[in-house]
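Here is what each chain is made of, one letter per residue.
There are 2 protein chains.
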Amino acid sequence: MSHPFFERHQALLEQATQAIATRGYWSPFAEMPSPKVYGETANADGKAAFEARLNQPFALSQPGTVGQAGKEVSPYGPELGVTYPRPDLDQLFAGVAQGMPAWRKAGPEAWVGVSLEILQRLNRRSFEIAYAVMHTTGQAFMMAFQAGGPHAQDRGLEAVAYAWDELRRIPKQATWEKPQGKNDPLRMEKRYTVVPRGVGLVIGCCTFPTWNGYPGLFASLATGNAVVVKPHPGAILPLAITVEVAREVLDEAGFDPNIVTLVANDPSERMASKLALRPEVRLIDFTGSTANGDWLERNAHQAQVYTEKAGVNQIVIDSTADFKGMVRNIAFSLSLYSGQMCTAPQNIYVPKDGIDTPEGRVSFDQVAAAIGEAVGKLTGDPAKAVELIGAIQNDGVVERIEASRALGEIVADSRVLEHPEFPGARIRTPLVLKVDASNEAKIMQELFGPISFVVATDSTAHSIELAHRGAKTHGALTLSAYTTDAGVTERIRDAAEDAGVALSLNLTGGVFVNQSAAFSDFHATGANPAANASLSDAAFVANRFRVVQSRSPI
Amino acid sequence: MSHPFFERHQALLEQATQAIATRGYWSPFAEMPSPKVYGETANADGKAAFEARLNQPFALSQPGTVGQAGKEVSPYGPELGVTYPRPDLDQLFAGVAQGMPAWRKAGPEAWVGVSLEILQRLNRRSFEIAYAVMHTTGQAFMMAFQAGGPHAQDRGLEAVAYAWDELRRIPKQATWEKPQGKNDPLRMEKRYTVVPRGVGLVIGCCTFPTWNGYPGLFASLATGNAVVVKPHPGAILPLAITVEVAREVLDEAGFDPNIVTLVANDPSERMASKLALRPEVRLIDFTGSTANGDWLERNAHQAQVYTEKAGVNQIVIDSTADFKGMVRNIAFSLSLYSGQMCTAPQNIYVPKDGIDTPEGRVSFDQVAAAIGEAVGKLTGDPAKAVELIGAIQNDGVVERIEASRALGEIVADSRVLEHPEFPGARIRTPLVLKVDASNEAKIMQELFGPISFVVATDSTAHSIELAHRGAKTHGALTLSAYTTDAGVTERIRDAAEDAGVALSLNLTGGVFVNQSAAFSDFHATGANPAANASLSDAAFVANRFRVVQSRSPI
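Chains A and B are the protein sequences, given in the same order.
So for the first sequence, the UniProt record's numbering puts the first residue at 1; every next one is plus one.
So for the second sequence, the UniProt record's numbering puts the first residue at 1; every next one is plus one.
Because the hints were derived from the structure by calculation, they are not lab data.
The reader is advised that the hints may include incorrect statements.
Unchecked claim - Only pairs whose alpha carbons sit at most 27 angstroms apart, straight line, appear in this in silico DSS-like list of lysine-lysine:
no., chain 1, residue 1, chain 2, residue 2
1, A, 324, B, 182
2, B, 324, A, 182
3, B, 384, A, 178
4, B, 384, B, 36
5, B, 384, B, 47
6, A, 384, B, 172
7, B, 172, A, 472
8, B, 71, B, 47
Given only the sequences and the hints, what does the whole structure look like? Please build it.
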């Protein structure tokens, strides 16, 4: 049966399902925090809404609340002072179960309609969410707005579109008529009912809580499941606001708001593993470390587990038609949000005897130096730099920077910057090192944060071999390459396809390897150890529901 | 790029993809072993081809063959005497790996074209395969022909259609053009390449080696994977012929025939678990026991595992408009292939105070007696009976029949029948018992074979509760119900949807609950413990491939 929210957003859904099929540029949610789009007072209102959250309990009328949890500290300095309901899990899940039968029976159009309405309302809260993302992840405001708001909403909508694209292809009924020669045919009426799997658990990360959390949340919700959201203890607020909005919409639509709930925890508590083994949990979407992701894949047998883990992203430099553009582009990728993106490059392979450029041969040391200088330039003016590199999410990253200095020869050292607005902010510029490819053990591990290596290889063939093995063995979300040679291009493409890693070629302008555009770029392939799923594709949604048929003779 | 085999079968593929969308009756492979369809000499030729296989090695030029394996014995008496290549697994997998890059690069149209050509050729071998199925599984000839031949081919084609339906929706390329206000747009050319997961392992069962084996085999092959087929040691020959045909077609199409290989083993050897943990194996399709299926789900972490396991299929009798038709239909379902179908009913719930029929109230004992008598009638004439009940696949089933006599009061006893053609055949008629619902531990376990219970319940509500709990807790592939009451129908439907089990209502004619029609019926739901996947749906195929993209500025 149709649903008012479904009807309201049907045109948008239609566009979204076309977009995932054609995969050109498309984005329904404006990425610029422009007053023209979001309203003259949107920024001030959003900031005020964010500030009104601070230093008090975040109200959610969830079942089984037995206390408060939450100890977020902004990477820009202050403690947020927000606390969240701490649930007794047995009581919470019992409460969630009560609303599930009605939600199951509501069917695909209601599930999808409610999901779309939630996304639209989240879009209107983009400024509030942006400040929440900024002060939990450490992203600079512009990235927090874009990646935490409209881009995350795009990714959520993309997941809904994939879900709908599968759901709509299951007929509600069919007449089956089998010829019996001269006798009357056998005739059966068949009904096909889509049913959800159960409870979906979303385990958030501390760097992109909404961008990485929305695909799983909306893929599960749009296929009729209940969703329990377990944010990273360092970045609860953006997902708490999301849960609040979802509950409002569910309630308005006549469903039990407990179809979407929040489980917050303090950094000292183990919570994800407890939740992940609950028998009610049949779907898990995880973004985080390889160790935790592998643990889920190996232990949460009752659930379908989708993981986005760690990897070693790499750049192969063979030759370029635009040396300056290449260097600037790479330096930007290394600096953006201090390399704290799962797509940020880490290892840059350059043949030890240099590369061809329009200006002639450039030596390995010159390539390394140029990248180091470009990073220095981008981070030279602290006031400008902090808008690009943001803050370091946690002390672990700072410690990793310190420890990594010993891993190679310093090309660009990591410096402490003072934030003009937030004196207590944890700001570090990128560390760029150079090493010989023989140091494989040092470079073939994910060093999350602004740490990268310019690696001297024997040749481009050697670079490709390293990149191939690195992606295949250690996982990678991105591979970037620079070459003017068609044969090299083909060899790199073949290596990327065999290792199952997305390839970007010759990025010298305004597109960066870290960026992944919803509706066009598949984020992760699921084909190497960095992730077992892609955001989003049919495989990401098709297993979140089942079809139960009934048949009777006519 | 297109492929000659793809072009040859494109019209068939188009029909198949329409059939899975509309789900009415459709079958491209004729189910009657008619000389008009298959040729005047097809039966004799097929029988001769089967007989020519006996008592000698089955030749397959696979890599790494270090001996012979295989000790199949026909349930109709004779040892087959066929032996198969015994591979050294390291050598075999090394050989398989050699052909994989070219197969990966061939792309979706080649994968699908080759798969369709294999299916067409298997269809022409239906008689030979039918005799092989009959003399390994114990099925009577007609079922062996239909289920082992055309119906299995239908299920294979269905999997290919689902695969193609997903593959064709991934564009080969896209132009991404993002507006930049007054500046030139950002423009990127993107390519999307489908890549397989690796090696798919198909673990066959001893009752429906082709029907249960083809969906996984063709789903993996049509998505570009290599496939290693590991038949049950009791039913190797039908899959060995299948592998032979697949290798012929691959070779003709210019691919390495080792893209499809056979691993046969003796009953005394453990082989499936060894194969399942190989790092090359990224997909596993399993049909068999719950213990083995659960083991795979819990241990083969490197692979996506699709299992069809055991369950307790049930019938709820509330009331009927056709008592005789109901009884005849149920008795047929209990007798067909001696209940050795994963879809055969086991527990028949009847309220202890009887049911309403057009002839008035019929007591519990009368319902039980009528079913027992109908089974007796169907199996009264041995010559006719053996064409319905076939032979018992293995001694374990015979032992289970013997042991089950103690579980209740006998309504119809299991008798030994003499096969008119095969004096050594292992033939048993169905055992029907009656018990009280309080004996839940006895009836809530799968007793594979011709063993069923008429269970006295307190009421239809109690029957539904048992059926719901049984399916949800122990798993079930089928649920059948008889009622003339619309309210009861709705309650049963709700129970079926919540327990995730396919429901058949009021079957009194020529359709039986055991039967599952490709392109229309989803076989298993994947939503209860009997199976974690459905044959076939989008979820069954979408995870067998990945998309690797590359992008470059224009």
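The hints, checked one at a time:
Taken as a hint, the residue 324/A and residue 182/B pair is honoured in the structure, with Cα atoms around 24 angstroms apart against an allowance of 27 angstroms. A distance of roughly 24 angstroms separates the Cα atoms of residue 324/B and residue 182/A; the hinted pair therefore holds under the 27 angstroms criterion. Distance restraint check for residue 384/B and residue 178/A: the Cα-Cα separation of roughly 25 angstroms lies within the 27 angstroms cut-off, and the hinted pair is therefore satisfied. Only pairs whose Cα atoms come within 27 angstroms are accepted, and residue 384/B paired with residue 36/B is accepted, the gap being roughly 25 angstroms.
With a C-alpha separation of about 21 angstroms, the suggested pair residue 384/B and residue 47/B falls inside the 27 angstroms cut-off, and the hint holds. Straight-line distance between C-alpha atoms of residue 384/A and residue 172/B comes to about 40 angstroms, which puts the hinted pair past the 27 angstroms bound. Of the pairs offered as hints, the one joining residue 172/B and residue 472/A holds, with about 23 angstroms between alpha carbons and a cut-off of 27 angstroms not exceeded. For the proposed pair residue 71/B and residue 47/B, the alpha carbon gap of about 20 angstroms is at most 27 angstroms, so the pair holds.
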